[in-house]
Each structure stands twice: as C-alpha cells, then as structure tokens.
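For the record, the sequence lines run as chains U and H. In terms of the numbering used here, the first sequence opens at residue 1 and continues consecutively. In terms of the numbering used here, the second sequence opens at residue 1 and continues consecutively.
It should be emphasised that the hints constitute simulated quantities derived from the structure, not laboratory data. C-beta atoms are modelled at their ideal positions from N, C-alpha and C, and glycine is treated no differently. A few of these clues could be false.
Partial selection, computed: residues in chain U whose CB lies under 10 Å from chain H [claimed, not checked]:
1) 6
2) 53
3) 55
4) 74
5) 76
6) 84
7) 85
8) 112
9) 115
10) 275
11) 276
12) 277
Pairwise CB distance ranges (calculated) [as the list claims (entries may be wrong)]:
13) 40(U) to 308(H): 32 to 42 Å
14) 60(U) to 90(H): 25 to 35 Å
15) 17(H) to 8(U): 24 to 34 Å
16) 266(U) to 174(H): 35 to 45 Å
17) 58(U) to 33(H): 33 to 43 Å
18) 47(U) to 208(H): 44 to 54 Å
19) 40(U) to 325(H): 52 to 62 Å
20) 266(U) to 257(H): 32 to 42 Å
21) 18(U) to 257(H): 51 to 61 Å
22) 90(H) to 90(U): 26 to 36 Å
23) 310(U) to 37(H): 40 to 50 Å
Protein chains: 2
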Amino acid sequence: MRSRVTINDVARSAGVSVATVSKVINGRYGVAAATSERVQEVIERLGYESSLVARSLRSQRTNVLGILVAEFEPFSTEILKGASRAVEGTGFDLLAYSGSGHSGGSVGWERRSLSRLSGTLIDGAVLVTPTVVEVRDDVPVVAIDPHRGPTGIATVDADNDAGAVLATEHLISLGHRRIGFLGGRADLESSRLREEGFRSAMAAAGLSVDPELVRVGGYKREGADRPAHELLSLPDRPTAVFAANDLMALATIDAAEDLGLRVPEDLSVVGFDDVPEAVAANPPLTTVAQPIQQMGVEAIGLLVDLIAGRDDVTEHIRLRTRLVERGTTAPPPA
Amino acid sequence: MRSRVTINDVARSAGVSVATVSKVINGRYGVAAATSERVQEVIERLGYESSLVARSLRSQRTNVLGILVAEFEPFSTEILKGASRAVEGTGFDLLAYSGSGHSGGSVGWERRSLSRLSGTLIDGAVLVTPTVVEVRDDVPVVAIDPHRGPTGIATVDADNDAGAVLATEHLISLGHRRIGFLGGRADLESSRLREEGFRSAMAAAGLSVDPELVRVGGYKREGADRPAHELLSLPDRPTAVFAANDLMALATIDAAEDLGLRVPEDLSVVGFDDVPEAVAANPPLTTVAQPIQQMGVEAIGLLVDLIAGRDDVTEHIRLRTRLVERGTTAPPPA
DNA sequence: ATGAAAGCGCTAACAG
DNA sequence: CTGTTAGCGCTTTCAT
Numbered sequence: 001m002r003s004r005v006t007i008n009d010v011a012r013s014a015g016v017s018v019a020t021v022s023k024v025i026n027g028r029y030g031v032a033a034a035t036s037e038r039v040q041e042v043i044e045r046l047g048y049e050s051s052l053v054a055r056s057l058r059s060q061r062t063n064v065l066g067i068l069v070a071e072f073e074p075f076s077t078e079i080l081k082g083a084s085r086a087v088e089g090t091g092f093d094l095l096a097y098s099g100s101g102h103s104g105g106s107v108g109w110e111r112r113s114l115s116r117l118s119g120t121l122i123d124g125a126v127l128v129t130p131t132v133v134e135v136r137d138d139v140p141v142v143a144i145d146p147h148r149g150p151t152g153i154a155t156v157d158a159d160n161d162a163g164a165v166l167a168t169e170h171l172i173s174l175g176h177r178r179i180g181f182l183g184g185r186a187d188l189e190s191s192r193l194r195e196e197g198f199r200s201a202m203a204a205a206g207l208s209v210d211p212e213l214v215r216v217g218g219y220k221r222e223g224a225d226r227p228a229h230e231l232l233s234l235p236d237r238p239t240a241v242f243a244a245n246d247l248m249a250l251a252t253i254d255a256a257e258d259l260g261l262r263v264p265e266d267l268s269v270v271g272f273d274d275v276p277e278a279v280a281a282n283p284p285l286t287t288v289a290q291p292i293q294q295m296g297v298e299a300i301g302l303l304v305d306l307i308a309g310r311d312d313v314t315e316h317i318r319l320r321t322r323l324v325e326r327g328t329t330a331p332p333p334a
Numbered sequence: 001m002r003s004r005v006t007i008n009d010v011a012r013s014a015g016v017s018v019a020t021v022s023k024v025i026n027g028r029y030g031v032a033a034a035t036s037e038r039v040q041e042v043i044e045r046l047g048y049e050s051s052l053v054a055r056s057l058r059s060q061r062t063n064v065l066g067i068l069v070a071e072f073e074p075f076s077t078e079i080l081k082g083a084s085r086a087v088e089g090t091g092f093d094l095l096a097y098s099g100s101g102h103s104g105g106s107v108g109w110e111r112r113s114l115s116r117l118s119g120t121l122i123d124g125a126v127l128v129t130p131t132v133v134e135v136r137d138d139v140p141v142v143a144i145d146p147h148r149g150p151t152g153i154a155t156v157d158a159d160n161d162a163g164a165v166l167a168t169e170h171l172i173s174l175g176h177r178r179i180g181f182l183g184g185r186a187d188l189e190s191s192r193l194r195e196e197g198f199r200s201a202m203a204a205a206g207l208s209v210d211p212e213l214v215r216v217g218g219y220k221r222e223g224a225d226r227p228a229h230e231l232l233s234l235p236d237r238p239t240a241v242f243a244a245n246d247l248m249a250l251a252t253i254d255a256a257e258d259l260g261l262r263v264p265e266d267l268s269v270v271g272f273d274d275v276p277e278a279v280a281a282n283p284p285l286t287t288v289a290q291p292i293q294q295m296g297v298e299a300i301g302l303l304v305d306l307i308a309g310r311d312d313v314t315e316h317i318r319l320r321t322r323l324v325e326r327g328t329t330a331p332p333p334a
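Please take these sequences and the hints and turn them into a complete structure.
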C-alpha cells in the first residue's frame, strides 16, 4: 500500500531540503534556476501535490472558501451553483461541508462546523440557513437567510415578508377566504417573516385567520406530511394552503392526492422558494420565487470583500421575491 | 481579534495538560471522573471544537467523506443530494470540494484535488465525472461516470448506451430521418457511449449519419451554443437533435428560438440526464433520465464498504436509464 | 491518573 | 542560494 507522496519524498529524491522544495512550490525567491527545475521535475514525476491540511495548519491563507450547510437539499445546492459561478476566476476553491453527521442534534451545527474548519482550512465561510449565528471575529463569515434578522454579521436574504404578501394576495384575489398556512421552523427568521406576511395580507383584506388553519411543518417534506393531512382533514377545511416553502407545498399536494382532493380544482397550493423541483411537480407549483443562485453569488461577493480586509463594514443584501403563477392555484370550488 | 480557541486554551483553563484534554475528547481511558468533568465544563464554556485539520494530520480516521467535483452544476449537485441522504446515520460527514480554482487547466483536477485532500482530511472520496482515473491504492475511491469504462477502480454509472438508443429510436419512430447529434466531451466515456448508442440505433433503422450533423458541445451550456447554431443554420438542417446532455439540449432550444424555429413544431430536441432544469424548461424537455441521486447513494454505499476494509473487491454498479417524453419532441414538419 | 515529548506535512524565519 | 530550526493543533506512546 503505497502511501501518499509527501514533501519529504520530493526533497529526498531531488537531493535538496524540504525548505527548498517548499520555496519552489510557492514560488518564493532564493532558489537557483537549475535547482528549481530539478525539483519541478521530481514533483512532476512523483505526482506530488501538497497537502491542503498540512499547508493550512501552518499558513494563514488557503484560498479555499467554505460553504457550511446542514445537508445538501434543493435550497442549499442552488446556493452552491451560484457560489460556484461566483468563485470562477477569483482563484478561490470551494469547499462545501455538511456536518450533521455524528452530533445528532441539529441545533448549532454551524457553530461546530465553523469551529472545526475555520482558522485553518478555510479563509472564510458562507453559512446557509444557520440557526445560531454567533458573532465570531476571527473568521470572515456571511450568513444566508439566518435565524435572526440582520445583526452584526454580514447577511444575504430575500424579501420574505413581501413575498408572503404576494402569495396571500394572489389567493385572496382568486376568491379564497379560508386559507391555511403551513409554517417552517419557529427558530428561523424567514419562517417568522413569511407567516407575518401572510397574516398582514389577510388582515389587510379584512380576513380573519382561523388558528386551526395555521400549522408547523418544519421546512422538510417528511415533517410537513402530518400537518398537511390534518389541515385537509378538518371538517371545515381550507380551500387554499400557503406553505412556507416548496418542499412543504409539494407534501401538501401529495396529501391532497391521498385524500382524494384535486389540485387546483378542490384545493389551491402556493409554495415559497422556487426550487427546480417546484416546476417539475405535477401540476407545476405556483410559488414565490427567490433568486437562490443569485443569493449564492452575492454571498461569495461579500465574503471575498470581507477577506480582502473590509471587515468593519457590515453589509446586508436583500433580494426581491416575485410570484410565479403556475398550475396549483385556481378559484375555490363553488 | 480573538483567535479561535485551541486545545491549549482548554488545557490551561482547566489546569491540566493537553494530553489529558485530548483523552477526554476522544473518550480514552485513564482520566479521573472528576478531571474529565472539569475539562468537559471548560470545553463547554469556551465553546471549543477540535480542529478537523490538526486532528486529521495526526490520526488516520476523520469520519469525513469527500465528494470531488469540477464545479457545482446540476449533475454534481444531484449527486450531492443523494450522497447527503446516504450518509445520514452512518456517522460520516460530507465534504464536497470543487477545485478548479487556481490551476486553470481543467484536466486532471480530480488527481490534484484527491492529492490535496486525501491521506489526511478525508477517509475516502467519490469522484464525480473524473477525466483521468489514476488508480491509487492509498485511498478508497469510487468514480461516478468516469472517463474510461470500468477499470480497476470501483465505479457507478448509468446505461449510457441503452439510453442513447432509446432517445434515437424515439425520434426515428416519430418519423425523423435527418437527426443531428450534439456530443459531450471526447475524453469522457459517457459521451462516447451516447454517441455509439446514437449511431447504432441509426444503423439499425437503416439510416445513415451525415457527418455534418455530428458536433461537439463539451457538456456545457456555453460550449454548446455555437455548435447548436451551426447545426441549425445548415442548408439542409436536421429536423431533430439529440444532445448528449440536458444542458446542451437546453442550449439547442435557445439556439432554435434565436433562429426563429419553434420547438417541437420545427425542431425536436432530446436531452440526456433529466436534471431538475430539464422539466423546468419551456417546453419541458424530452430526455433520457438517469437516476442521478441514486447514483450518489450507490457511490456512498460502495465507498463506505471500501473504507470498512473490503478494498480487494472491485465493484461496478450500473443503473438503468429510461426515456421521459415531454414537450420537445414531435413528428417532423411535413 | 497525568504529563512530557515526539511527530503528522508543511511554511517561515534565520543562519550559513 | 540553501539548509536548519521552530512551530501550527492535535494524538499518542511512554514515563512518572
């Protein structure tokens, strides 16, 4: 079992010290052309590539940007696509870390992951939907759609409030009066804002919100299964449901099918996010689109600025949401 | 600027040596209950989390699985979704690395990334669409859709040949005779097989392939732009185009629109992959679906087995493809 | 039960 | 121009 080739192997094989090899690798001054050439040759021959780990333990910069996520699902992977485009040509590599592995409990995953990677492996990090944003001043950090509204940390988010109003107004304008709301996670700011937008749009239209019709689905497809069924099994069930994200909207459609309800004839459904899966649904999901990939792009831009030194400026970027009318909304049944 | 808290800080604060702290963290024997408790307390208070980097430099196992990609695009992110589901409950964390950053030239990125991360940071790696699979015996590796067909390395791929036949037969059965082919990258096995499937299906139907109608798009949307335009600007242009992946099929649809051609009335288009973007297209793309997320799941399964010790069994998993008829194919114009 | 010390692969002073 | 030396944060013998 041939082990990986280290700088030592190169040094020995080239007949120089490891320091010299290091200099050659990093293009530092003070190496004779002939020596440099010989070392390069050995590096080539041995297929040597310096270990990111060892290198980063010693030096400050690694030119690697971290994207920390709880898991790879439709939202975070859209962020990744944007981030990937954004780093192109900047000289940074991207490292996405999903660290919910051992520590079971999901809360605080971002703090753990950040601690494990920062100060060493990565030059800075983008936190995707963190729950507990602890302000640390040792690593440049940008949060996307964080737990709390903008605090001392740089953030990128979408106009959740306005988007929720858009969705609710759409349903109201179609003639719906009994509208259900399937919320996300109480600990996420985006979830709170979407509910707030829903309530304010209802109030503005002079409609009351039946507490029975407001449920929590936890932003996950499986988690939304039960509350969706409950909502649709109510004696006086809603004619429309606004789900706080697409995954839960999709779960609601499934539940409707389960219960023999047709969408949109018997039940209208609106989601939030506009992940690729939304348009792939059958019928395609009416939803509030947020520019997720663009959020990734903006986050990387902010992070690169932060790393470049301007860590005193706290920036908040808020992107617009818009309603995308597709096939899951219609006037309520007569 | 408070720096990250290290094991030294904990040791000092708890009045013990770093060795003892290390033992406590890793649950090693030989620590008094009282001491252990005190150290735990300090760890908690200081919010200490051991550095993955330092830890991995010293020890063999990190419990982190790597997924190495050239960039985060629709295909690789679907793999990530599957992998993310697959690691759940295994105790492994996932680290996705996109390392095309500095080294411009894309060829060999997987070897570089692997060298940079392996032996230290990760216990094993999944290589997504690698171009140069060099068999190294020091790290467990699984390749998804590699450059060459199955060699000594564990691989997961789809039945590219059969899928291409499906697509071509579909077009032929609709009545198309002049069918164009937009190939991927000559250096990828999947690309070669898809072309082969195309050619054999054409031959089986007694149709000849006009060399003019076979172009190379490189699997990327931008790269496919020009060849697509060329194909559709030919004096005797094809009535249908089979693109070797969805991104290029989408580019072909754009090109058609550019040129005033309606899809599918004037031109039929078939893709390959069935990424979420395919169904989101307008009209939704007819394509050959490969179970991409499932490929991620299988790859992780294989990798975990390999890490568990059975590195002598070389396994190849091949998944089925199927045709998904949507809105971009129709009989040729009369 | 605890700590001192070596060393993982690498970079960065500093000498020579 | 080149090599020696000292760590980066951590784990692991091996003494004590």
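Here's how the hints hold up against the structure:
1. 6: holds (9 Å)
2. 53: At about 4 Å, which falls below the 10 Å cut-off, the nearest Cβ of chain H leaves the hint on residue 53(U) intact, so it holds.
3. 55: holds (9 Å)
4. 74: holds (7 Å)
5. 76: Check passed: Cβ of residue 76(U) comes within 9 Å of chain H, closer than 10 Å.
6. 84: holds (4 Å)
7. 85: With a minimum Cβ separation of about 8 Å from chain H (threshold 10 Å), the hint on residue 85(U) holds.
8. 112: Holds. Min distance 5 Å.
9. 115: holds (3 Å)
10. 275: Holds - the Cβ of residue 275(U) comes within 10 Å of chain H, reaching about 8 Å at its closest.
11. 276: holds (3 Å)
12. 277: holds (6 Å)
13. 40(U) to 308(H): 32 to 42 Å: Holds, since residue 40(U) and residue 308(H) (Cβ atoms, about 39 Å apart) stay within the stated range.
14. 60(U) to 90(H): 25 to 35 Å: holds (34 Å)
15. 17(H) to 8(U): 24 to 34 Å: Since residue 17(H) and residue 8(U) have Cβ atoms about 29 Å apart, the given range 24 to 34 Å holds.
16. 266(U) to 174(H): 35 to 45 Å: holds (36 Å)
17. 58(U) to 33(H): 33 to 43 Å: holds (37 Å)
18. 47(U) to 208(H): 44 to 54 Å: holds (45 Å)
19. 40(U) to 325(H): 52 to 62 Å: The hinted range 52 to 62 Å holds for residue 40(U) and residue 325(H), with Cβ atoms some 55 Å apart.
20. 266(U) to 257(H): 32 to 42 Å: Cβ of residue 266(U) to Cβ of residue 257(H): about 37 Å, so the range 32 to 42 Å holds.
21. 18(U) to 257(H): 51 to 61 Å: Distance hint for residue 18(U), residue 257(H) holds at roughly 58 Å.
22. 90(H) to 90(U): 26 to 36 Å: holds (34 Å)
23. 310(U) to 37(H): 40 to 50 Å: holds (44 Å)
Hint check: no violations occur; every hint is consistent with the structure.
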